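Listed below, chain by chain, are the residues.
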Amino acid sequence: MDVGIVSYGAYIPRYRIKPEEIGRMWGVDGKGMGKGLMIFQKSVPGIDEDVITISTEAARYMMARVPWVNPKEIGALYVGSESHPYAVKPTATIVSEAIEATPALTAADLEFACKAGTAGMQACMGMVASNMIKYGVAIGADTAQGAPGDALEFSASAGGAAFLIGSEKIIAKINKTLSFTTDTPDFWRREGQPYPLHGGRFTGDPAYFKHITSAGKMLLKEMGTTPKDYKYAIFHQPNGKFPTRVAGMLGFEQEQIDTGLLTPNIGNTYSGAVPLGLAAVLDKASPGDRIFITSYGSGAGSDAFDITVTDEIKNYQKNNAPTVEKVMENPVYVDYGLYTKFRGMIVMPGG
Amino acid sequence: MSSVARAWREFPGKYNLEGTKCENCGTIFFPKRDFCPKCRREGIGKMQKYKIQREGEVFSFSVIYEAPACNSALKPYAVAMVRTKDGVLVSGQLVDVELDKIVIGMPVRAVLRKLDEDGAAGVIHYGFKFTPIK
Ligand SMILES: [Zn+2]
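If you read the sequences in order, they're chains Z and R. Everything in the first sequence is counted per my numbering, starting at 1 for the first residue and increasing by one. Everything in the second sequence is counted per my numbering, starting at 1001 for the first residue and increasing by one.
Treat each hint with caution, since some may be false.
Stated by the list, open to error - Quick partial rundown of chain Z residues pointing at chain R, CB under 8 Å, derived from the structure:
(1) R14
(2) D50
(3) E97
(4) L105
(5) P322
Said to hold, decoys possible - Derived DSS-like pairs: lysine-lysine, alpha-carbon spacing no greater than 27 Å straight-line:
(6) K1051/R <-> K72/Z
(7) K326/Z <-> K314/Z
(8) K1134/R <-> K314/Z
(9) K18/Z <-> K31/Z
(10) K1085/R <-> K318/Z
Keep in mind the hints are simulated off the structure, nothing from the lab. No experiment lies behind these values; they were computed from the predicted model shown. No residue lacks a Cβ here, since even glycine has one placed at the ideal position from N, Cα and C.
Using the sequences provided together with the hints, build the complete structure.
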């Protein structure tokens, strides 16, 4: 049985803040910081937006493109995020209700730093392939926060994408997925703490680069492919520079990663990053295009996927929801004051 | 807890614009009603669940400058009466829009947003608001 993506939807809040504005606040060269990270603006959730509302919008766009799918036939829904609004009370229940998939389904929230969205895709794929469910929904979304003044504040942003996984009318077949996981403490956040901590320079080589290249090489080996066999490649994108470097390490060219590289324009959407990159690629892809994906989540692990776009994408009702490009149009820039208000960082009386 | 239970009963309306339709006279009600005031006794037992369209246009609107405490962080903000594609008038907040760019007839759609929350430890209430259609 072929298992793959039946539909997808993407959502990014409309607000943006520029690194020079964050730098102005903390007395550092924000513009230089942005250049160093290759992040020229990052998305900011509106005051009434969170992972639940972002996931719901992405999932509703996903459903709008497959009007022939009855939401009651969704047997599983997973939301991967590190910023679930509740510590206890699943995001997935509210999203399931909002797309009318309740009550005959299993649902859960996943957390694996920036790769919980792709972990959900793997879970859905396994359940569809084993005939446990007809359709599964995997969502990766975040409203990530970096500590004020920390380097992460220049990148941590908001957005998400949803994928309907199934075996009928698939627009993209998942040929293979595998993962590479180790205990690597490069980045963490303890329960009750508002901001994460990270291991500084430690976050690069033994973490991001080691895990992505390991998973990527394993996948190429198992498939017997080389980077030239793929039209597109998507790597986790904590900034604009890392994916370019890791692509080079694996032998991919810049033009293969450009379409799925959104971080320079929206920042690091954490669990939303690879899912949004994949949505941007599917917006442009044609039948036969092969896509190479490797996500990364601190802690640490990578999920790699080999995907082929099918002829079905020609019948797909893509226009029933906005493309990633359309979602990113007409951003509204906010200053640091509004940014802190939107992010709930101002202590209010009685709060 | 009673406010949590009351909010819970309203989820279908708040999330998915579920109202009711009188099968006797065809009138659609939102929020839902269990009784048709037009048909009275003839309508009893004929009220069916009816999900109204999420898309519509601004029928009328007002900009709020003095807001109740729960909405004070949002002000100024717009509240609109929206005529949905099935002709039902629904009122809700209009977000992600420049207040001076709102016009009657503007196409909008209902999205899920946070409405308010019961303090930092209480439940978060979600429901529909309207945004311009992209
Ligand atoms: Zn009636």
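So, going through the hints one by one against the coordinates:
Annotation: interface hint on R14/Z holds; nearest CB of chain R at approximately 6 Å, less than 8 Å. The criterion of a C-beta within 8 Å of any C-beta in chain R is met by D50/Z, whose closest approach is roughly 6 Å, and the hint holds. For E97/Z, the shortest C-beta to C-beta distance to chain R is roughly 6 Å, which falls under 8 Å, so the interface hint holds. Interface restraint check: L105/Z against chain R, minimum CB-CB distance 16 Å, threshold 8 Å, status violated.
Here the hint on P322/Z is kept, as its CB sits about 5 Å from the closest CB of chain R, short of 8 Å. For the suggested pair K1051/R and K72/Z, the alpha carbons sit about 16 Å apart, so the restraint of at most 27 Å is met. Among the hinted pairs, K326/Z with K314/Z is consistent with the structure: their alpha-carbon atoms are about 20 Å apart, no more than 27 Å. Using a Cα cut-off of 27 Å, the hinted pair K1134/R and K314/Z holds, with the two alpha carbons roughly 23 Å apart.
For the hint linking K18/Z to K31/Z, the alpha-carbon distance of about 8 Å falls within 27 Å, and the restraint holds. Pair hint K1085/R plus K318/Z holds up; C-alpha atoms about 22 Å apart against a cutoff of 27 Å.
In terms of the numbered hints stated before, the structure departs from hint 4 and from no other.
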